[in-house]
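Those sequence lines, one after another, are chains Z and Y.
Last residue of the first sequence? That's 540 in the working numbering, and every number before it is there in order.
Last residue of the second sequence? That's 662 in the working numbering, and every number before it is there in order.
Just so you know, these hints were derived from the structure itself, not from any lab.
Yeah, the Cβ is synthetic: ideal placement off N, Cα and C, and Gly gets one too.
Treat the hints with care, as some may be off.
[Claimed, not checked] Going by beta-carbon spacing under 7 Å, a handful of chain Y positions derived as facing chain Z:
no. : residue
1   : 439
2   : 556
3   : 558
4   : 622
5   : 624
6   : 628
[To be verified] For lysine to aspartate or glutamate, the following EDC-like pairs were computed, each having C-alpha atoms within a straight-line distance of at most 16 Å:
no. : chain 1 : residue 1 : chain 2 : residue 2
7   : Z       : 261       : Z       : 245
8   : Z       : 362       : Y       : 644
9   : Z       : 324       : Y       : 621
10  : Z       : 394       : Y       : 526
11  : Z       : 456       : Y       : 573
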Amino acid sequence: MKLLRILLSCLLAVTIFIVGIQPAQAFCGFYVAKADTNLYNQASQVIIARDGERTVLTMANDYQGEVKDFALVVPVPVILKEEQVHVGNPQILSRLDSFSAPRLVEYFDSNPCEVRMYESDAVFKSAPQAAFAERQLRRENSLGVTIEEQFTVGEYDILILSAKESNGLETWLIQNGYKIPRGAKELLRPYIRQNMKFFVAKVNLEEYDEGGFERLRPISIAYESPKYMLPIRLGMVNAKKEQDLIVYLLSPNGQTELTNYRTVKVPSDREIPEFVKAEFKDFYTAMFQKSYERENKQVAFLEYAWDMASCDPCSAQPLNQEELKQAGVFWLNSPSRNPRSIRNNVFITRLHVRYTGNKFPEDLRFQATGNRQLFQGRYVIRHPFTGTMNCSAANEYKRSVRDRQEREAQTLASLTGWKIDDIHNKIEFVKFQPTQWWRNLWN
Amino acid sequence: MRNISVRELWLFAMKDIHILARSHYILDDARTYQILFLACFLCLGIGTRDWTLRPDLIAVVIVSCLLSQWCLSALVEYTKQKNNNIFLTNSTDYLKDSIFSHKVISSLRSALITALGLCLLLRGNNYTTMAVASCLAIASKFLFRFRGKHFFNPANFGIIIALILTNDAWVSPGQWGTDWWYLLLFTGMGGIVLKKVGRWDTSVAFLLTYASLEAIRNFWLGWGWEVWQHQFMSGSLLLFALFMLTDPRSIPNAGISRLIWAVSIAVVTFILQDYFYISIAIFWALFIISPLTIFFDRVWSAPRFTWKRMLVVSG
């Protein structure tokens with residue numbers, strides 16, 4: 098047994114490699130673009146950094162259609178001025194993503210697979226090219242729509258609209274070149290009644306060409322509001338399929354959780370067969386789907402909760418101060434109004450929400466908690482020792498590996514719903530000579 | 348067997364009757380049901396709801412609640428006895444009597460209910476947070492009294508105090524989700540307890556008022572019924588309405604005052620939730636309205652609730 102333990106610890110003490118899952122970047126369904134444009138609205142990614150009522154919300158775009166057709170409508174709780182809007186670096190999303198992604202830990206080589214795992218439908222479709230032609234700041238028109246602010250930040254032309262009623266806003270958007278899908282009016286009304294404003298962004302082509310950008314950069318907005326929520330209902334207007342949303346919630350205190358839906362941890366710390374290394378993307382996608390169905394499609398999944406000063410094991414280096422600032426963290430080295438906040442501390446919560454209109458009837462509402470329990474989606478591969486073994490414990494070791502492989506197969510089947518026979522066929526089971534019972538008697 | 352006398356048989360029989368009577372007495376107390384149900388919810392939550400409750404923190408809460416209750420209620424009992432017999436000097440005997448008196452031991456059940464309520468609702472990182480919440484929850488029963496009746500729900504008081512005083516306490520309103528079978532379970536078990544204590548009117552008044560207010564708001568906003576339904580299938584809301592709101596010892600005694608009291612809590616909850624965006628508005632609403640119990644009891648008088656007629660439970 099001692100030898101076995103030594104062997105096992107030797108196996109475990111090899112290199113650790115991590116394969117981060119990188120969901121395609123996109124935004125969750127407030128797109129407004131030409132009807133004939135193909136939108137690849139896959140997984141939305143949002144960063145929310147919040148301390149007290151101060152909030153920085155960063156929305157990432159992986160819009161892959163024609164840039165001139167891009168536009169975005171997001172309900173926001175307050176009127177935003179030019180200085181409250183910032184265009185950031187797209188790298189920050191991938192940095193946060195790779196830092197917090199569910200990880201495969203193995204004890205041999207790594208498999209740096211690039212994974213694209215989420216798919217969902219495009220949502221708002223319309224044509225906003227002429228939308229900013231009229232410059233009528235702070236003038237309410239007959240439709241009850243007021244342009245509260247109008248400015249250009251980076252490659253985006255931005256309007257902050259307020260409206261008195263949804264018919265007016267819908268008509269205004271249509272008149273100004275936005276093709277609003279059916280059903281949008283009903284979804285706009287609750288936001289108007291809650292006195293929310295509308296953040297409308299489109300690409301300023303001149304700025305975009307001058308900047309020589311390869312893709313649209315994320316937009317960050319900073320505001321103060323007691324409302325800690327993320328509007329997702331608007332994105333459901335004509336989406337039939339499930340949509341994926343990854344929210345990175347940054348707080349000085351601890352985990353952030355949903356208050357109107359359950360937050361459930363993804364299955365983690367499971368040992369799975371070796372071959373999954375090559376199929377990690379499929380494994381995670383299948384496992385996530387299975388968990389999603391098991392929870393009746395109505396919960397948010399916690400994929401990562403960690404203090405950002407460290408990681409164990411690290412899928413990427415922790416973000417430095419500059420990167421944290423880019424992600425919207427504003428409380429570093431600044432005196433806080435909130436005496437409870439722990440200075441210079443950033444706790445990240447990564448929530449993965451797969452939503453449909455009927456299972457997620459309300460927008461997401463969050464609350465910051467002091468919960469400092471750490472959690473990560475982590476899956477372990479253990480390669481059996483394949484070198485020469487010339488000792489009496491070898492057979493016993495092989496038997497234990499064989500048992501372990503069977504356990505791993507069962508775990509994989511229950512996590513993903515894959516057929517156990519298919520899994521068995523893919524596993525290279527270790528061969529060993531079964532010990533005959535009479536040997537123990539007379540030897 | 349042959350040697351057993353009639354007298355011994357008689358004693359045996361009496362012992363059995365006594366045991367039967369005692370077990371009946373235990374089942375007759377609504378608190379026993381409440382302890383069983385809350386313990387059952389706690390097991391369900393840990394087993395099926397992905398809660399990461401630390402066993403050590405649960406132990407801290409239970410031990411702190413029971414110890415505080417025991418000490419404080421023994422102290423009260425001791426003072427009473429001493430005041431009643433001022434001429435006797437042997438205080439050690441009083442102390443002994445007080446510590447093990449039936450009244451004091453029996454009151455531990457109430458403390459266990461408070462402890463289970465705290466375990467179900469309050470979350471924290473540190474022992475001190477949980478211990479502070481537990482001790483102050485029990486202490487509130489002895490500190491905030493008016494005419495011999497405490498007016499804060501102890502678990503609610505503990506939760507709010509922990510939120511105010513410590514850095515790491517929180518309540519997870521989304522922890523039960525919105526599954527329909529929890530709805531049935533809570534309603535069923537809550538119904539049994541409420542029938543026993545005769546306080547179902549309070550829960551119904553609260554739920555009806557709150558549901559109506561939310562329905563009106565949803566209609567005005569233009570949200571569909573599915574939003575309303577989603578709000579009301581929240582397990583946490585039901586657990587609160589059926590098990591916390593109806594603590595018969597701290598809420599007003601008279602029927603009419605209970606109705607007004609429940610309606611006020613619903614209105615305050617609605618305002619805090621939808622206009623101040625407080626995620627745990629129900630707990631704050633109960634905390635704010637609780638002191639009004641004194642006023643309600645003055646205006647509408649009714650006999651105070653006791654867990655069992657023959658008992659006068661302190662606390």
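### Task
Verify the proposed pairing of residue 456 (chain Z) with residue 573 (chain Y), using a straight-line Cα cut of 16 Å.
holds, 9 Å
#### Entry: chain Z contact restraint for residue 439 (chain Y) - C-beta distance below 7 Å
Because about 45 Å separates residue 439 (chain Y) from the closest Cβ in chain Z, which is outside the 7 Å limit, the hint is violated.
### Restraint check for residue 261 (chain Z) with residue 245 (chain Z), where alpha carbons must lie at most 16 Å apart
Status holds; Cα separation ~13 Å.
#### Entry: chain Z contact restraint on residue 624 (chain Y) - CB to CB distance below 7 Å
holds, 4 Å
### When the least beta-carbon distance from residue 628 (chain Y) to chain Z is tested against 7 Å, hint result
violated, 10 Å
### 16 Å limit on alpha-carbon distance, applied to hinted pair residue 394 (chain Z) and residue 526 (chain Y)
holds, 11 Å
### Query
At a threshold of 7 Å, is the proposed contact between residue 558 (chain Y) and chain Z supported by beta-carbon distances?
violated, 16 Å
### Task
Take the C-alpha atoms of residue 362 (chain Z) and residue 644 (chain Y), compute the straight-line distance between them, and say whether it is at most 16 Å.
violated, 47 Å
### Query
Keeping to a limit of 16 Å between CA atoms, is the pair of residue 324 (chain Z) and residue 621 (chain Y) held or broken?
It holds: about 10 Å lies between the C-alpha atoms, which stays within 16 Å.
### Query
Against chain Z, is residue 622 (chain Y) within 7 Å by beta-carbon distance?
Because about 9 Å separates residue 622 (chain Y) from the closest Cβ in chain Z, which is outside the 7 Å limit, the hint is violated.
### Query
Is the hint on residue 556 (chain Y) kept, meaning its closest Cβ partner in chain Z is under 7 Å away?
violated, 20 Å
Hints 1, 2, 3, 4, 6, 8 from the list above are not met by this structure, while the remaining hints are.
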